[in-house]
Structures are given as structure tokens and as C-alpha cells.
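Quick one: dock chain against chain with the hints and give me the complex.
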Amino acid sequence: MTEYKGIMVLAESAEGKLASITREILGCGQKLANELGEELTAAVLGNHVATLAREVIIHGADKVYLADNPILEHYTNESYTNFMEVIVKQVMPKILILGQTAIGRDLAPSLAFRLETSATTDCIELSINIESGKLLQTKPIYGGNLIATFTSECHPQIATVRPKVYPPTKPDNSRQGKIVKIDTEPEIVSTRTKVIDKVFQSKEGIRLEDAAVVIGGGRGIGSAEGFKQLEELARLLGGAVGATRPPCDNNWIEETAQIGLTGKIIAPKFYMAVAISGSSQHISGCSGAKNIIAINKDAEANIFNVARFGIIGDWKKIIPVFTEKVRELLME
Amino acid sequence: MNIIVCIKQVVDPEAPPAHFKVDTTTNRLILPTDIPPVIDPYSEYALEAALQLRDKYAGKITAISLGNNLQKEVIKKPLSMGADELVLVEDELFTSNDSWSIAKVLATTIIKIGAYDVILCGRQSADRDAGQIGSGIAEILKLPVITVARKIDIDGTKVLVERVTDDGYETIETTLPTVITVSNEIGEPRYPTIRGIMAAKKKEPTIWKSVDLDIESSQSGIDGCRSHLVKLLKPVYEGKCEFVDGEIPEDAASNLSKRLRQEKVL
Numbered sequence: 001m002t003e004y005k006g007i008m009v010l011a012e013s014a015e016g017k018l019a020s021i022t023r024e025i026l027g028c029g030q031k032l033a034n035e036l037g038e039e040l041t042a043a044v045l046g047n048h049v050a051t052l053a054r055e056v057i058i059h060g061a062d063k064v065y066l067a068d069n070p071i072l073e074h075y076t077n078e079s080y081t082n083f084m085e086v087i088v089k090q091v092m093p094k095i096l097i098l099g100q101t102a103i104g105r106d107l108a109p110s111l112a113f114r115l116e117t118s119a120t121t122d123c124i125e126l127s128i129n130i131e132s133g134k135l136l137q138t139k140p141i142y143g144g145n146l147i148a149t150f151t152s153e154c155h156p157q158i159a160t161v162r163p164k165v166y167p168p169t170k171p172d173n174s175r176q177g178k179i180v181k182i183d184t185e186p187e188i189v190s191t192r193t194k195v196i197d198k199v200f201q202s203k204e205g206i207r208l209e210d211a212a213v214v215i216g217g218g219r220g221i222g223s224a225e226g227f228k229q230l231e232e233l234a235r236l237l238g239g240a241v242g243a244t245r246p247p248c249d250n251n252w253i254e255e256t257a258q259i260g261l262t263g264k265i266i267a268p269k270f271y272m273a274v275a276i277s278g279s280s281q282h283i284s285g286c287s288g289a290k291n292i293i294a295i296n297k298d299a300e301a302n303i304f305n306v307a308r309f310g311i312i313g314d315w316k317k318i319i320p321v322f323t324e325k326v327r328e329l330l331m332e
Numbered sequence: 333m334n335i336i337v338c339i340k341q342v343v344d345p346e347a348p349p350a351h352f353k354v355d356t357t358t359n360r361l362i363l364p365t366d367i368p369p370v371i372d373p374y375s376e377y378a379l380e381a382a383l384q385l386r387d388k389y390a391g392k393i394t395a396i397s398l399g400n401n402l403q404k405e406v407i408k409k410p411l412s413m414g415a416d417e418l419v420l421v422e423d424e425l426f427t428s429n430d431s432w433s434i435a436k437v438l439a440t441t442i443i444k445i446g447a448y449d450v451i452l453c454g455r456q457s458a459d460r461d462a463g464q465i466g467s468g469i470a471e472i473l474k475l476p477v478i479t480v481a482r483k484i485d486i487d488g489t490k491v492l493v494e495r496v497t498d499d500g501y502e503t504i505e506t507t508l509p510t511v512i513t514v515s516n517e518i519g520e521p522r523y524p525t526i527r528g529i530m531a532a533k534k535k536e537p538t539i540w541k542s543v544d545l546d547i548e549s550s551q552s553g554i555d556g557c558r559s560h561l562v563k564l565l566k567p568v569y570e571g572k573c574e575f576v577d578g579e580i581p582e583d584a585a586s587n588l589s590k591r592l593r594q595e596k597v598l
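Protein chains in written order, with the numbering used here: chain A, 1 to 332; chain B, 333 to 598.
Isolated chain B, as found in the complex (with noise of 0.2 Å):
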């Protein structure tokens, strides 16, 4: 079985919300200096699925990852997870946010690859939180879709997903290949073994550039993009909290009531 992930470099989503810093000149986010990027914690999930499926399964796992400023020792981390193969597509012109040009590089280097059973994604990456990728490369590659899943299961051509919905989650059938994207219902992402880590330093991942993926420049990039950012911000909080206390932890639980019973919030 051959197996595709896409994978993500992002700004460490775990950094304190005040790293978190807007050029309001350009509408774009600082990238803090002091914090490494990390791979996407929603692409550590579509990689944990296909580790399980080539555990039960076997098969070929090969990432993915389209980006800039791809960091070597982050973006091989797939590689020291257990992946096969990874290829990098680094691309000036491939610069862009929007789901339409990503999906139609990511689409476009799949089917350069060729070989695909199952295509794995995070339900949404940490950045950008808009859950479009999967469902893209499927509707480019006429492929059914099936996102936000928490169990994949494969008997012959034929796969069992369970797909988290609002109060529960529901069973999907479908057949190979298809797309599937992945919630953290599928489990811990595993560490990258010693092993796995000495492995991923020998192996050097494949690069393609836009001359190598046969894509219009109108499909990829700032001409591809189908939606623009025009104002980003920074939230504002009151951040005007009331704190109560007491002598003990038991008399400020106290005061407490009875504040929120003066305030009638209670």
C-alpha cells in the first residue's frame, strides 16, 4: 500500500500567545526569532494514522512537505518518525497561504509521485485553521474525501473511517485510493526513534522545484490564490479579572460565592 501525507512546517503553535505579532503595514505575521518552527501538530496526527496503517497493512510512506524556509532538522522529522521517503517542494514562486495554490502544487507533486492508495492530512494545519487541503487534493484528483477521521480501517480495496461529527463520530465506507484527513481522536503521535533519528540523518529528501511539477503559474502561487488577506489583528482581552482570596484556599472558595452571588452571577 502506498501511502501519501502532506506534512507542515509552521510557527510553533505552543509559543505564548504573545509571540504572536502583526506588521499591520503588511497584514502579516512576525515570525518570532527566538522560537524554532515546528512541524504542524495536525500533520503529526495524518502521519501517526499512516504509521498505524503501514503497521497493520505495510506499505510505503512517503511526506510531503511544501513550504519556504523549510528547516532541515524539523521538516526531517517525519523521516526519524518512520517515513519511507520525504519530498521537499521549495519554491519562491509557490509562495502563497491560500487553499486553492496549495492544493493545486500538492495535488500536481502527487501525481508526479504517482503511486497512491491513501493520501493523509491534518483535518487543518495550526496556522492557518482552515480544514481545505484535503478535501482540495481530492476534488483536483476526482478522489472521494473523507475528513476529520479518528479510525481508519482497510479490508481489500474497501475502507472503514470513523469521522468525527458533532455529538459522536459515523462510520464512512468507501474504496481506495482516497483522501483522508486526520483529527487527534487517531492518537499520541509516537517519538521519533534512536534508530528512526539515524536513519532520517543518512537520508536525504527529494527537492522539486516549479520546473519540475508540470503546473500553471496562474494555478500556484500569489496568481493562484483565490482568497486575500486584507486586515489581520491581534485580539484584544479586557484582561480586567477580579481576583479573590483568603486567608486559606477554603475562605477565598468563600468569597467567591458570595461575589458572584452580590455580582448576580450566580
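If we strip away everything but chain A, and leave its shape as in the complex, we get (with noise of 0.2 Å):
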């Protein structure tokens, strides 16, 4: 029997470039292959796909497993883990590494159901037992009050990897690498769900996972109209706004805007929480942040744990001024 052997990772585009997220989990990947001294390869999935295979080159893998075919242009769960199915069998990766995305966690338990591994979905933290060679998969459970670690026995070990955790590796043009042709098709091709839609519901602007400033909205904001001054707050710093999950469930704003383990995970270098108490399930999506500021009435409420500063008291009366202040600041 061949031996299970190297880290893979599976790229993900964005408006036709490399995903953030792949940069991330193809840092994190090469992390764990230099300590295991094996190599880091990536699948690259999708229809016309070539120049995204280079760009996982420059970007730090070692070799690209490519499936070109008009049936992955757009991701279905059936699509990609019939051809993840093929490729992982004939690589036969020790790890497999995904990104936490709307593909990621859709694909990552299919495919260890299919190949009859485990997968371990959300993890902050990937390490190699110096020991036993198996990986260590970290993550936060119970809604992020607990962070427990999972190993695994079975081949690959599949994980995949929360956006924001690991700092995305940088391009290196002379970086070669071997692209691979997958020819083998899988054998049942067609699928039995069809993408006939696909809408963007987020805000123009600056993309709340990539500001460096946000400014979050809790339960006590009450109203859209609340978030209107959250807004302009946000514009003025140049960062953009978000909420926890009852705002959102309000449609006080977007759905898109929620920040927490069921929503973005957000690691900006400026998060103020305006009347957010702090459960750990939005803490969960927003402790990456540099310095979290904190407004609640409430002095016990949890937020303050995590906060850098604090105002205990009623935000409609410290934002509005705050606002101006920080208007002022920058005029000078």
C-alpha cells in the first residue's frame, strides 16, 4: 500500500484571483510541511482555471493538482467532492486543508464521509505532534467557551481553517512549481443540483472582513435608524459597519453584516462594540482584533473582558459625541 504522504491544500478564488483564504491556509500548510520536511500541494478546482494554478505557485506550493472541466465552474457539493474524491485517491495526501468558507465547511464533511476520514471544521490553530507525526486540530466548541483539540487516525486528516487566523503568504514570482492535469474523470459525473442563482447582498465599499476599522452594533442599538449613526462613525474612520446576530435577525441591517462564529470572523486593528453585551459566540468572531473599544450600559457585561477601553453608559449619548470628536481629531 502506497503511503499517505504531504499537505494539501484546496484553493478557493475570489473575482477571479487567489482567495485571501487560500494565501492564509497555503501559509499555514507550508508551516506544517516544513516541520514534517514533506510537500505542499494544492487542488485547484473549476473551469479555466490555469492562471490560478500559477498564482497558487507564486504563492507558496510546491505542486498543483488541477481539474479543469466546465462542470466545476460553479461550486456544487456533489461537483467538488466527486473530483476532490478522485484527486485525494490518487495523491493520497497525509493532511488536507481547507479554508472555513461557504466552500470549505460545505465540502470538508462530505469528502471525509466519502473517503471514510474525519474532518475537523473551524480550527484556529493547526500543529504536528512531534511525537505521534499527527496533526493537532484546535478549535473553539461550545460556542467559543471551550477550545478543545482533535486528532485523528484516519487518512487524510481534513481540517479546515478559520479565515484571519494565519497571515496570508506573500507572492514570489520565481517560485516554480509542477502543474498536474487531472484526466480522470469521477465516475458519476452528473449531479443532481444546480447552482440557477447566485446574489450578493453585501454593502458596497469596503468589505467588513477586510476593514481595518468596524464598528459593531448589539441587540440595544433598537432600530435601523441606530444604525445609521454607527454608519457614519464607520465612514468617517473609512471602516465599515457590523452587528451581532438579533440586529441582522431584525433587518435593523444586512444579513451579511453579522460578526460571529455563525457570521464573519473579523481581525481588523479597530473594533468598537457599541452595546454589545458579548456572548462568546460573537466574541468568537472578533477576539483577532487588534484593540476592541467597548460601549454597554451594562459593567458586567462580558464585552469588557476582552475590551482594551471601555465607557460604561448609554451609547445614544457617547456616540454622537464621540463622533464629533473623532471628526475633529481628524481635522487637525
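Note that these hints are calculated values from the structure, not bench results.
Part of the chain B face toward chain A, derived, beta carbon under 7 Å: (1) Pro349; (2) Gly463; (3) Glu471; (4) Pro476; (5) Asp498; (6) Lys566; (7) Tyr569; (8) Phe575; (9) Ser586.
Derived PhoX-like pairs (lysine-lysine); straight-line CA-CA distance at most 20 Å: (10) Lys297/A with Lys572/B; (11) Lys490/B with Lys474/B; (12) Lys590/B with Lys317/A; (13) Lys290/A with Lys596/B; (14) Lys572/B with Lys290/A; (15) Lys269/A with Lys572/B; (16) Lys474/B with Lys194/A; (17) Lys590/B with Lys325/A; (18) Lys198/A with Lys490/B; (19) Lys444/B with Lys392/B; (20) Lys590/B with Lys290/A; (21) Lys325/A with Lys596/B; (22) Lys297/A with Lys316/A; (23) Lys198/A with Lys483/B.
Some chain B residues close to chain A (C-beta under 7 Å, calculated; not the full set): (24) Arg460; (25) Gly468; (26) Thr479; (27) Thr497; (28) Glu505; (29) Glu517; (30) His560; (31) Leu564; (32) Leu565; (33) Gly571; (34) Glu574; (35) Pro581; (36) Ala585; (37) Leu588; (38) Ser589; (39) Arg593.
Ideal Cβ placement from N, Cα and C applies to all residues, glycine included.
Structure below.
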């Protein structure tokens, strides 16, 4: 029997370019590959994606397995699971890393069950146990209240990695690597599912997950009108507005603005949490922020445990003045 | 239409973070004794989706729960919310927190129930946060799966599902039978009605043990685990918040802007 060897990452594209999450997991994969002294490969799936394969090499992969097929134009669980099954059975990587994205979180479990192995989703750390050589897969559980580390005896060891945990690799145009075309088609090519429409709901302007400044609002904001005030401050600082789940459920702000375990993961330089109590669910999505500034009426609010600066008080009295003061500071 | 919903009993995820304590010798959560377990809020969204489907297209909803120490007053909530049947799978031999063995037992339970058009699960569970059970059941039963749904419509044997993506949603078409995992965008789960609570009191759940299910011991419980929890910790936050205040809230706001500028945060 051939041995399982090497690390493989699944590449994703965003607007025709390599997605930042892919550069992040390439960085994570490089670290693991160095520790094991093995190769870092990448799987690139799609339609007319040869240029993406080259991008993956430039960003750190030693070798790329390319499945270029019209069926893979849009992601569907079935087509990607079928093709990834072929690739994994051919390459036999020891570890397979995906991003915790709409694609990764959907594909990893299906693929794990197909290959009779395990997957650990939403990992915030991957490392190698020196003695056993096994992958240590660390992730938040109980809504972020606890952090667990898992291992598996099965291969490949599959993990999805949360965005913004690992720094993205830098491009190096001199890097060379082999691109291997996957010619074998899966036994079943036809699929029972198809994508018939895609709707983009994100606001124009800076993407919440990429913004250096984020102003977040909680249930206490109380209305869509209240979020307009937060938007004014965000605009002033060149940032984006986010929210906890209740404001999204109440349509005070778009669904895609949700920050937390089941929403966006953010890691801005400046995060102002306004009227947010700080559930573990939410903190799980914002704890990567460099500076958290919290405004809350409740002195016992959990958010103050992760904040660097805080004001105990009513946001309605604080935010308008703070916004004016920031405006003055920026004029100086 | 036959709808099956997987429901999990979990430690109340709304319990204050201080209640989540770890026994570091066993790597297990010390179950809070003063806070009763609840139906997983993610499962409740799946049940709400089932009720919406039955409202629109008629049919029968069977809720299934796998677990140990299932509390009757908790686990019967799906009946009081409107589910038609409740099947409980409770056996020490099935004790496991691993996606593989849980999905195997649930899929075997679904096969025994027999009739299914739509199988619904929460997008993940509030305890393990893995989000794998729906996908696992689909692989085992060789069905299509659509995860993290925000809207479900059925037209004959065709299903249209809006699936939440990173920057919006996509509409996916598939055929029945299918597995769908449900997200909170589906809508707030309805409250149990008085009639529902009365009906739930009278209704006894079907209880199955390992002997009732055709499953190999190597696929369930501890032996069926594909992954192992080797370390469990409580995250430590620094908790060094500098509180800024003033005579009146407006002063505090002004002082905060000054402090942030001093520290070059702004």
C-alpha cells in the first residue's frame, strides 16, 4: 500500500484571483510541510482556471493538481466532492486543509464521509505532534466557550481553517512548481444539484472582513436608524459596520453584516463594540481584533473582558459626541 | 410529504461563560448542575423549517433525537411546537461526540423510519459546532445535501434552496429526497402553543436502543469515532479593560477620543 504523504490545500478564487483565505492556508500548510519535511501541494478546481494554478505556485505550493472542467464552473457539493475524491485517492495527502468558507465548510464534511476519514471544521490552530506526527486540530466548541484539540487516526486528516488566523503568504514570481492535470473523471459526473442563481448582498465599499476599522452594534442599538449613526462613525474612519445576530434577524442591518461564529470573522486594527454584551458566539468572531473598544450600559457585560478601552454608559449619549470628537481629531 | 428533523439536546449555550468549566483530568466539560439542558437552538431552526414546509405543502414531521440522559420535559419540545412523532435513540453504547458515529446512528434510524422526502438538521450544533451531521447522513444515504439554508421551496419533486454564502446567498435546485441543514435566517422558531403542549403531554415518544437498530458496533459509539478530543481548555482573555469616564456621558466620550489618540489607537 502506498503511504499517505504531504500536505494538500484546496484553493479558492475570489473575483478571478486567488482568495485571501487560500493564501492564509498556504501559509499554514507551508509551516506544517516544513515541520514534517514533506511537500505542499494544492488542488485547483474550476473552469478555465489554469492561471489560478500558477498563482497558487507563486504563493507557496510546490505542486498543483488541476481539475479544469466545465462541470466545476460553479461550486456544488456533489461535483466538488466527486472530483476531490478522485484527486485525494490519486495523490494520497496525509493532511488536507480547506478554508472555513461557504465552500470549505460544505465540502470538508462530505468529503470526509466519502473517504471514511474525519474532518475538523473551523480550526484556529493546526500543528504537528512531534512524537506521533499527527495533526493537532484546535477549534472553539460550545459556541467559543471552550477550545478543543482533536486528532485522528484516519487519512487524510482533513481540517478547515478559520479566515484571518494565519497571515497570507507573499507572492514570489520566481517560484517554480509543477502543474499536474487531473484527467480522470469521477465515476459519476452528472449531479443532482445545480446553482441557478447567486445573489450578492454585501454593501458597496469596504468589505467587513477586510476593514481595518469596524463599528459593531448589538441588540441595544434598537433600530435601523440607530445603525445609521454607527455608519456615520464608520464612514468617518474609513471602516465598515457589523452587528451581532439580533440586529440582523430584525432587519436593522443586512444579514451579511453578522460578526460571530456563524457570521463573519473579523480581525481589524480597531473594533468598537457598541451595545454588545459579548456572547461567546460573538467574541469568537471578533477576538482577533487588535484593539477592542466597548460601550455598554452594563458594567458586568462580558465584552469588557476582551476590551482594551471601555465606557460604561448609554451609547445614544456617547456615540454622537465621540463621532464629533473623532471628526475634530481628523481635521487637526 | 415526510419530513424528518434531527434534534439535539445540549448544554444551554446561553448559560453565562463562567458556567463552562473543564475537568482537565478527563478533558470534559463539567455539566452545569443548576442550568437545565435545552433543545439546541440550531435544531429549533431546523424544526421551524419543517413546520414551514408542512404549513405550505402538508405532510408529517418526525423528530429524532440521539443522546444520553435525555430529559423528557426538554426533549418533548418538538412535539409541543408541532412535530407529529418523536423518536428517541438512547443507549449507553451510542455514547459519542464524534460526527462519524453520530451520523451513522442517525442515518440508521432514518432508514428504520423508512419514509422520508426531506431530512433537516441544524447548520451545526451549539456544543460541538462541527456542522457535519447533515452532510454525513447525506453521504451515508447517498442523497444530495444543501447546507446552511435560509429558505426552502418545493415544487413537485424539485426543491429550491437558498444557501447562505460568504457575501449573500445562492439558489440551488435539487431533487427529493434530500438533506438540508438550516440557518437562523429561516426565521424565528415558533413558540409552543397551549394545544401543542397538551398534545405533547399525551404523546409518548418511540424509544429505540442499539438492539433495535441494524448497526455494527464498529460504526457507533466510542468504536465508531474517527476523531478524538485530546485537549480541552477554557480560553483566557486578558481582562485588562481601561474604563474611561467623565462627569456626564458626553465627557466620557470626549475623554475616550483623547485616550485613543494618546495611545495611537485612533
